[in-house]
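Participant: Could you put the whole structure together from the sequences, leaning on the hints where they help?
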Amino acid sequence: MRNNLLLALGTGLLSAVLLMIAASGPLMGTLLAYLTPLPLLILGLSGKNYFAGVAGALAALLLFGLTTPMVAVIYFFLVVLPVTLFCDSATQMQRHASYHGAKADLSSATVGRLCALISVTPVLLLTILFLYFWFQQNENTQAVLSKTADSIMFTYQNALIEKNIAISPEVGKQLVLIKNTLVNTAPALIGIFWMTLFLINAMIARHVLKRFTQTSPVAFKLSQIKLPHWVIITFISSGLIAAVSDGELGLYSINLAAIIAFPILLSGLGVIHLATEKTGYKKTILFSVYTIILISRWAALMLVFIGMIDHFIKIKAKIESRAAKL
Numbered sequence: 558m559r560n561n562l563l564l565a566l567g568t569g570l571l572s573a574v575l576l577m578i579a580a581s582g583p584l585m586g587t588l589l590a591y592l593t594p595l596p597l598l599i600l601g602l603s604g605k606n607y608f609a610g611v612a613g614a615l616a617a618l619l620l621f622g623l624t625t626p627m628v629a630v631i632y633f634f635l636v637v638l639p640v641t642l643f644c645d646s647a648t649q650m651q652r653h654a655s656y657h658g659a660k661a662d663l664s665s666a667t668v669g670r671l672c673a674l675i676s677v678t679p680v681l682l683l684t685i686l687f688l689y690f691w692f693q694q695n696e697n698t699q700a701v702l703s704k705t706a707d708s709i710m711f712t713y714q715n716a717l718i719e720k721n722i723a724i725s726p727e728v729g730k731q732l733v734l735i736k737n738t739l740v741n742t743a744p745a746l747i748g749i750f751w752m753t754l755f756l757i758n759a760m761i762a763r764h765v766l767k768r769f770t771q772t773s774p775v776a777f778k779l780s781q782i783k784l785p786h787w788v789i790i791t792f793i794s795s796g797l798i799a800a801v802s803d804g805e806l807g808l809y810s811i812n813l814a815a816i817i818a819f820p821i822l823l824s825g826l827g828v829i830h831l832a833t834e835k836t837g838y839k840k841t842i843l844f845s846v847y848t849i850i851l852i853s854r855w856a857a858l859m860l861v862f863i864g865m866i867d868h869f870i871k872i873k874a875k876i877e878s879r880a881a882k883l
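All residue numbers for the sequence shown refer to my numbering, where the first residue is 558 and numbers rise by one.
These are calculated hints, taken from the structure and not from any lab test.
Wrong hints could be hidden among the right ones.
[Said to hold, decoys possible] Taking CB as the label site, the calculated pair distances span:
hint, residue 1, residue 2, range
1, E727, E805, 31 to 37 Å
2, A880, V680, 22 to 28 Å
3, A880, E727, 45 to 51 Å
Don't be surprised by glycine CBs; every beta carbon is placed ideally from N, CA and C.
Facilitator: Take a look at the structure:
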């Protein structure tokens with residue numbers, strides 16, 4: 558017990574120090590903020606999920622005393638709470654699978670629930686944001702996003718002018734497109750960025766545990782994802798509402814659909830992973846797919862579509878069934 562508490566204290570201290578170094582300003586220090594959840598995830602996925610929560614709470618208290626209450630609150634809701642819930646769910650599901658004689662790999666439904674769980678935090682924060690401005694009488698979410706986008710575009714245009722770069726009509730159209738994207742989907746883009754970082758930290762934590770410890774961490778495979786029905790229902794309903802609504806409701810629905818689309822996109826990627834398993838060119842194909850996703854939103858939308866189709870006609874199960882017959 559004493560050793561676990563000391564481990565929790567050290568883990569929380571490391572996580573808090575990473576965030577404080579990031580707040581100091583340099584670029585490399587800022588990049589360390591992306592690794593803030595990593596110490597907690599390593600501790601939590603090792604089986605000590607409760608002590609990961611203790612470590613996070615201690616780190617939040619430390620940040621409360623050394624920085625500002627707002628930093629501590631943000632850290633708690635964006636790092637401590639999601640990590641604790643994720644690790645608790647992952648370890649409980651793994652124990653349940655081991656109890657029934659299953660392998661260390663989790664079932665498809667279990668991996669799907671973990672994948673969906675990651676999207677809960679951005680959805681809750683998005684809802685809180687819109688409810689906050691809904692109760693405000695002076696301005697709404699769309700107005701705040703528009704002002705922020707105008708400020709960003711103004712700064713960017715001034716930077717181009719200072720470098721004697723002429724703003725051609727084509728560049729002007731691109732700037733308008735970027736502004737509209739920020740106004741319509743900025744909360745969702747931030748949420749997707751957060752979910753991506755969370756998954757990257759979880760994969761790094763699993764690699765560290767597998768490489769340097771004797772524990773058997775949870776195997777999170779995209780090819781095993783089977784999403785809960787509520788994810789698909791929420792995505793379809795929010796997309797339909799966004800198509801027929803405008804104003805605050807339409808803006809909320811667009812961002813909600815974009816956030817919920819992230820686990821569906823992961824499921825679509827799982828189909829690609831599984832389909833390339835026996836080709837002999839898996840790494841090359843996956844590298845190309847991931848590169849295209851980064852530069853093309855249409856490729857991302859295609860993967861979301863594949864994930865949707867897979868939910869209804871079970872593409873992954875059919876691929877596995879055919880592979881088993883060979």
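Participant: Output the numbers, in ascending order, of every earlier hint that fails for this structure.
Facilitator: 2
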